[in-house]
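We have chain A already, so just place chain B on it with the hints.
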Amino acid sequence: MNRAFTIEEHGAFRSLLDAMSRPGTVHRLSDSVADRDGALALLARTLLDAEVSVAGAAADDEPSVRTVARASGCRVAELSEADFVVAGRGSSAGAVSRVRTGTPDWPDSSATLVYLVDSVAQEGGDAVWTGPGIPGERSPKVEGLDPAEWERLREANSGYPIGIDCFFLDASGRILAIPRSTRVRGGSR
Amino acid sequence: MRVREWMDRDTAPKGTFAFLDDGAKKDVRRALLKAVAIPGYQVPYGSREMPLARGWGTGGIQITLSMLLPDDVVKVIDQGCDGSVNAVNIKKFYERTARVKITTDTALASVIQTRHRIPEEKMTDRQILVLQVPYPEALREVEPSEAQTRRMHAEADYGRMWLHLYEDIVRFGEIRIAYRYPCTVNGRHVMDPSPIPRWDVPKLHMADTLFLFGAGRERRIYAVPPHTRVEPLEFDDHRFRVEDFSGKACARCGATDTFLDEILMPDGTRTHFCSDSGHCDKRRA
Chain A
-8 MNRAFTIEEH
2 GAFRSLLDAM
12 SRPGTVHRLS
22 DSVADRDGAL
32 ALLARTLLDA
42 EVSVAGAAAD
52 DEPSVRTVAR
62 ASGCRVAELS
72 EADFVVAGRG
82 SSAGAVSRVR
92 TGTPDWPDSS
102 ATLVYLVDSV
112 AQEGGDAVWT
122 GPGIPGERSP
132 KVEGLDPAEW
142 ERLREANSGY
152 PIGIDCFFLD
162 ASGRILAIPR
172 STRVRGGSR
Chain B
12 MRVREWMDRD
22 TAPKGTFAFL
32 DDGAKKDVRR
42 ALLKAVAIPG
52 YQVPYGSREM
62 PLARGWGTGG
72 IQITLSMLLP
82 DDVVKVIDQG
92 CDGSVNAVNI
102 KKFYERTARV
112 KITTDTALAS
122 VIQTRHRIPE
132 EKMTDRQILV
142 LQVPYPEALR
152 EVEPSEAQTR
162 RMHAEADYGR
172 MWLHLYEDIV
182 RFGEIRIAYR
192 YPCTVNGRHV
202 MDPSPIPRWD
212 VPKLHMADTL
222 FLFGAGRERR
232 IYAVPPHTRV
242 EPLEFDDHRF
252 RVEDFSGKAC
262 ARCGATDTFL
272 DEILMPDGTR
282 THFCSDSGHC
292 DKRRA
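So the sequence lines, in the order shown, correspond to chains A and B. The first sequence runs -8 to 180 under the working numbering. The second sequence runs 12 to 296 under the working numbering.
So here's chain A without its partners, still in its complex pose:
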């Protein structure tokens, strides 16, 4: 295994961990990755292997699913079975209501969603986020996300601790996360 690759994955994980611990903050997975496909592949090889599976939210997410599977060696599965779900073009096309959200005893057995969007910013959104990892409140902006997704996510996460955690990956390879523990108030994006 290439040592530089391994270290790059360690760095990418620290960014993912930071993003999930501080919802709404913007992070870069690696200094050498400045595009969405590169970032998606790096995310995949940082977290995934043959133990887990990936699916696309819609039929036209097939190229992204291939990127993830090729980079990590993870399996490709049905939407309702997958551990990771890629939602290209900023929309899950309603798939959020069909992915795994975990069980009361094992809420961690849920899917993680990765939305591919245009851009992410820590400020400028019109919804207010509160919860663990957020001092007071934050209003991040996710451009290129179907506004209907917010309502779908709210629905999927209404039975906390059951729910799904999401990453938003933008065109320049930046990332922002929203765990199921974050409450979103008002706004449409």
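Honestly, the hints are just simulated from the structure, not real lab data. Do not take every clue at face value.
Chain A regions said to be covered by chain B (calculated; three or more residues, Cβ under 8 Å) [claimed, not checked]:
{"no.": "1", "segment": "0 to 6"}
{"no.": "2", "segment": "38 to 48"}
{"no.": "3", "segment": "96 to 102"}
{"no.": "4", "segment": "144 to 158"}
{"no.": "5", "segment": "165 to 172"}
Simulated crosslink set (DSBU-like; lysine-lysine; CA at most 35 Å straight-line) [said to hold, decoys possible]:
{"no.": "6", "chain 1": "B", "residue 1": "K293", "chain 2": "B", "residue 2": "K112"}
{"no.": "7", "chain 1": "B", "residue 1": "K293", "chain 2": "A", "residue 2": "K132"}
{"no.": "8", "chain 1": "B", "residue 1": "K214", "chain 2": "B", "residue 2": "K133"}
{"no.": "9", "chain 1": "A", "residue 1": "K132", "chain 2": "B", "residue 2": "K103"}
{"no.": "10", "chain 1": "B", "residue 1": "K259", "chain 2": "B", "residue 2": "K214"}
Since this is a predicted model, take the numbers as computed values, not measurements. For glycine and all other residues, C-beta sits at the position ideal for the given N, C-alpha and C.
Just chain B now, with coordinates in the frame of chain A:
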């Protein structure tokens, strides 16, 4: 080859960076992200064999190894002490397998791994504290079955824990839990904060720092993200309180605002020293 030569030989460039194989690291990373997303909930993971026995910090070690960076500065403490055999060996292991810098200064560390203490110095948002956990289940005292405790967490059914605390008050006039004091995290999950003294429990509440908990033997990972409510269980008329060291001071640095260890001296008298050796050293410097 003599033992000393064997220990000093340069093995790092040949081995995998940070010892663990990719599959083990990815498993730990996925568990960590879920743990952060559900504060205080115990996520199962496939704890691997480590070059030391389970029960000696393997949960914390696997977390640290999954995220170490070559430019990290790492501090490892055992019951507050930088110099215990267990802490020193873990530090050497990281130095050798990930080429990180080692420190005893809390302020200089980017990652701190600890057994049973949280440093006295306030940690920042640029630091991560990794806690080694022997018993991850806070409810184990009141329910021996894992299936049952999992159900109790699922239903937020913590009545028996409250009863346990109440019975302590009835019998002894106060809650007698000295360490592993149960806390409610994010208003939802009751969590075992690991065997830290009561003194350290308030440091978890609304902190700037990310706290990661690893139980290697029990194969569980859980977390407290920054700015998260961590509230010790208490009653209106029996509030949670930390240890009382009033009238006592560290015999070495004179501190009156730290967690003190009581030491039996050779002449039979008792004296007190700071439990956090790095902090004590810094005050004396």
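Against the structure, the hints:
Interface restraint, the segment 0 to 6 of chain A with chain B: holds (5 residues with C-beta to C-beta distance below 8 Å; minimum three). A count of 5 residues in the segment 38 to 48 of chain A with a Cβ less than 8 Å from any Cβ of chain B is obtained; the coverage claim is therefore met, three being the minimum. With 5 residues bearing a CB less than 8 Å from a CB of chain B, the segment 96 to 102 of chain A meets the requirement of three and the coverage assertion stands. With 3 residues carrying a beta carbon less than 8 Å from a beta carbon of chain B, the segment 144 to 158 of chain A meets the three-residue requirement, and the given coverage holds.
As drawn, the segment 165 to 172 of chain A meets chain B at 3 residues by the rule of a beta-carbon pair under 8 Å; at three or more, the given contact holds. With a C-alpha separation of about 19 Å, the suggested pairing of B:K293 with B:K112 holds against the 35 Å cut-off. For a cut-off of 35 Å, the pair hint linking B:K293 to A:K132 is broken: about 44 Å separates their Cα positions. Between B:K214 and B:K133, the direct Cα distance comes to roughly 8 Å. Compliance with the 35 Å bound is thereby established for this hinted pair.
Restraint check for A:K132 and B:K103: the C-alpha separation of about 44 Å exceeds 35 Å, so the hint is violated. Distance check on the hinted pair: B:K259 and B:K214 sit about 22 Å apart at the alpha-carbon level, within 35 Å; holds.
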